[in-house]
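Chemist: These are the residues of each chain, in order.
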Amino acid sequence: MEQLINTLKSEIIEALNLPDMVPEDIDTNAPLFGTGLGLDSIDSLELMVLLERNYGIRIEDPREGRRILESVKSMAEYIESHREQL
Amino acid sequence: MYVENKEIWITGMGIVSALGTDPNACFTQLHSAISPLRPLLLHESIHSEHYIGGAVPLSDTEIRQATNTRHHAYNRTTLLALIASQQALDSAGIEDSTRDIISVNATTVGGMPLTEKYFDAIITGKYQVNTDFINEMDCGSLSRVIRRQHNLNRMHFMISTACSSGSNAIMFGARLIQAGKSSIVLAGGSDSISKFVLNGFLSLKNVDKNMCRPFDRDRFGLNLGEGSAYLVLEEKTHAQKRYKTPLAILSGYGNINENFHITGSSPDGQGAMNAMNLAMQKAALCPEQIDFIHTHGTSTLDNDLAESIAIKSIFGSSIRFGSSKSYTGHTLAASGCISSVLTIGMMQKGFIFPTLGFLNPIEETGMKPVSKVQENVHLKHCLVNSFGFGGNNTSLIFSKPD
Amino acid sequence: MYISKFNYILPELRAEKGYLNMGKITVQEHLEKNEIRRLDRLIVNAMGCALNIAFGESNLVGIITGTGRGCISKLEQFLADMNTYSESALNPSVFIQSTNNIIGGLIAQKLQLTTYNTTFVNQGLTVLNVLTDVEMKTLEDSSKKILFGFFDENTHFNQLIHSQSSFLQSQDGNPIIYGEGISFFIASQSPKNAIAKIESFEYFPTNQYICAPFEVGVYLDINNIEHPCVFYVGYNNEYEKERYYLNIVRFATKMNIPLIAYKERTGDFDTSAGVAIALALEQMTQENLKNIYIFNHYKKQSPMAIKLVKS
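Residue numbers (this note's numbering), protein chains in the order written: chain A, 1 to 86; chain F, 87 to 488; chain V, 489 to 799.
None of these hints come from the bench; they were simulated from the model.
Computed from a prediction, not measured in an experiment: that's the story for all the values here.
Ideal placement from N, C-alpha and C gives every residue a C-beta, glycine not left out.
Certain hints may be false.
[Claimed, not checked] Below, simulated BS3-like cross-link-like pairs (lysine-lysine); rule was C-alpha separation at most 25 Å, straight line:
id : chain 1 : residue 1 : chain 2 : residue 2
1  : V       : Lys-632   : F       : Lys-368
2  : V       : Lys-787   : F       : Lys-203
3  : F       : Lys-267   : V       : Lys-598
[Unchecked claim] Have a look at the derived ranges for each label pair, beta carbon to beta carbon:
id : chain 1 : residue 1 : chain 2 : residue 2 : range
4  : F       : Gly-452   : V       : Glu-687   : 48 to 58 Å
5  : V       : Thr-572   : A       : Asp-25    : 36 to 46 Å
6  : V       : Val-706   : F       : Ile-120   : 51 to 61 Å
7  : A       : Glu-2     : V       : Asn-547   : 38 to 48 Å
8  : V       : Ile-713   : F       : Glu-90    : 51 to 61 Å
9  : A       : Thr-35    : F       : His-133   : 48 to 58 Å
10 : F       : His-133   : A       : Gln-3     : 32 to 42 Å
11 : V       : Gln-647   : A       : Glu-52    : 47 to 57 Å
12 : A       : Glu-70    : V       : Ala-749   : 37 to 47 Å
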């Protein structure tokens, strides 16, 4: 899990092209949207692209996506549980 | 001092959409309250058949025959525009010899059907692509062809402001007349369904696999459509000299930009309100005088909520409104023009179409579109909304001649 | 209409493929890193170029932009991604950036401008489309100002298209140097603080390229040219001087008017005449010139003339 979280943080920085950020700058439990990183609805769609391309997880409904993408932790948990199902 | 006081008449109109291939066919189908949306048949797309949409029931070859177009390379967007613009000129009774008119066109993707077909071949150099096709790949090619095919002698314009493009073309045409640049303007929009646009909207996760549900609580997204519609705008005295009567009067228009987000509408409906208010101000009409609102109503989560809030706050809960997107699909740059022609048809024939797909109102507003056909309705003033990416919002008002 | 401010970005180097190329992101004033992190080079450059003259400008009531092909690199990227990822998991921001009016929308967002906003996309006629709208808009509200501008970019795909386009095959075999560029302006009906007036702009539509030399000849004869004057002409590599530009060159030679082949600096593209206006304005601020005329056509379409008069 710890490794997945660190990988995810790097992938998020790369996918969203976040300027001057390193994985340590992202708080695992903090909300990704609203305050914090200043991400918007397009970023949330971009993160769904990341999940699909890198982890094979396809989210059809963006409203469901928002819940999964609440924080790095929730993303990691969703990926883990999805893997278990496989 | 610059004074705008010319009355702008609509003296001709043409339309081709999933509803039909001429105005009357479209009005009849709309009146019948049956949606013509069907599975999309897109070549070489994995999404083909999985999504429904509003395809025009004519092949490119059939359009070439119908418009007497010999040119083999015109793209589908241009071909659709040729049908609609020809109908508009014919119905306005404009002869070849009097075509001293300006055309204002609109498209979002223009020659995309050709670009996506030959993109790979051009990049890889697999085979030589005919230069005729290459010349028709951009947006401006449509405008150039319309001018040439109809022997128009004046400047031609091409507007591309995403999904509000068509309404902006009509508004721009009206302003050209107000400014005295021309007494007669051919204005319209066109777009065709492409793999590129379908995938684009899929990447935004706002496409419904089933029929869209405008203003419904459980809506998910839009259906794509294609088509074209053109209007002939004419200064009143110019039309009277030709013994022409108006199909409708363009009495108001307004374009504003909302500064919320590049793809989303402001959730408080402010952008939509500003555009509608501006158009009413131009027409010197108050909200009570508007009989029907032909909404943008794409059935996306954001648009319908914002538009619903805006309508409620200006017009209250009892205003009649509806969306034709569950009949035509979202025809992008053509949508404002298609909605305009359908609105003029309803004013002439005195009916209001039901918004198909609507069951339960959006919880936040409780606003209900017209969901059963209304007959023998007197529609004096109707508002047409078009909202696009970039926060580009345009409203038009059409009035029935006395 | 009068122009009070202008800004432009020119190609600065010759790319490997033989076209003139703007540098990577050159303008970042007024833009936060976070705002531009997803945006294409053309979009960032155009925003920077526009904001540089529009930021803090009061009385702006509209933004009018023009482009030949918009942000074509993003359009290409999306088409390529469609193939690479088999039409799934595609980046929405790439799609959004391929929309022609994205730059006008983003500039409005930065300026918090909730007024008129439109975009023209009409090959070589784009520049005259925009000028027509700017003129009408400033007349509709003569106390207000309009921000307008043009942008086009070049890419490998674009280059391939243009090298194969039938409109661009040169008669003597010389290759056309293709380019890119951005130009933005602030216009109003007030001569106060104006650099120059765009006194007129003409489109010679009859039979396009073939009759244009005659029409432009008539245009020159009836125009009251004030000296000192310079002609900006859109020929490049000299291959087409004998046609559209023939009467212009003859006239200029007879009247001792210097000719400037501006495409040597900009390369050829849909909205190069926009950059020509900016270059002409710059020359007017530096030299004692009364008139500058710009003559251009693009792919033998839309032959035109623009007349600037120093304020």
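Chemist: All hints, please: hold or fail.
Modeler: Hint check:
1. V:Lys-632 to F:Lys-368: holds (18 Å)
2. V:Lys-787 to F:Lys-203: Holds, because 23 Å separates the two Cα atoms, which is no more than 25 Å.
3. F:Lys-267 to V:Lys-598: Roughly 33 Å between the alpha carbons, so the hint for F:Lys-267 and V:Lys-598 is violated.
4. F:Gly-452 to V:Glu-687: 48 to 58 Å: Since F:Gly-452 and V:Glu-687 have Cβ atoms about 57 Å apart, the given range 48 to 58 Å holds.
5. V:Thr-572 to A:Asp-25: 36 to 46 Å: At roughly 30 Å between Cβ atoms, A:Asp-25 and V:Thr-572 fall outside 36 to 46 Å, so the hint is violated.
6. V:Val-706 to F:Ile-120: 51 to 61 Å: Between V:Val-706 and F:Ile-120, where Cβ atoms are some 58 Å apart, the hint holds.
7. A:Glu-2 to V:Asn-547: 38 to 48 Å: violated (57 Å)
8. V:Ile-713 to F:Glu-90: 51 to 61 Å: violated (34 Å)
9. A:Thr-35 to F:His-133: 48 to 58 Å: The hinted range 48 to 58 Å is violated for A:Thr-35 and F:His-133, with Cβ atoms some 37 Å apart.
10. F:His-133 to A:Gln-3: 32 to 42 Å: holds (36 Å)
11. V:Gln-647 to A:Glu-52: 47 to 57 Å: The hint (47 to 57 Å, Cβ to Cβ) is violated, given that V:Gln-647 and A:Glu-52 are roughly 33 Å apart.
12. A:Glu-70 to V:Ala-749: 37 to 47 Å: The hint (37 to 47 Å, Cβ to Cβ) is violated, given that A:Glu-70 and V:Ala-749 are roughly 59 Å apart.
Violated hints, listed in ascending order, are 3, 5, 7, 8, 9, 11 and 12; each of the other numbered hints is respected by the structure.
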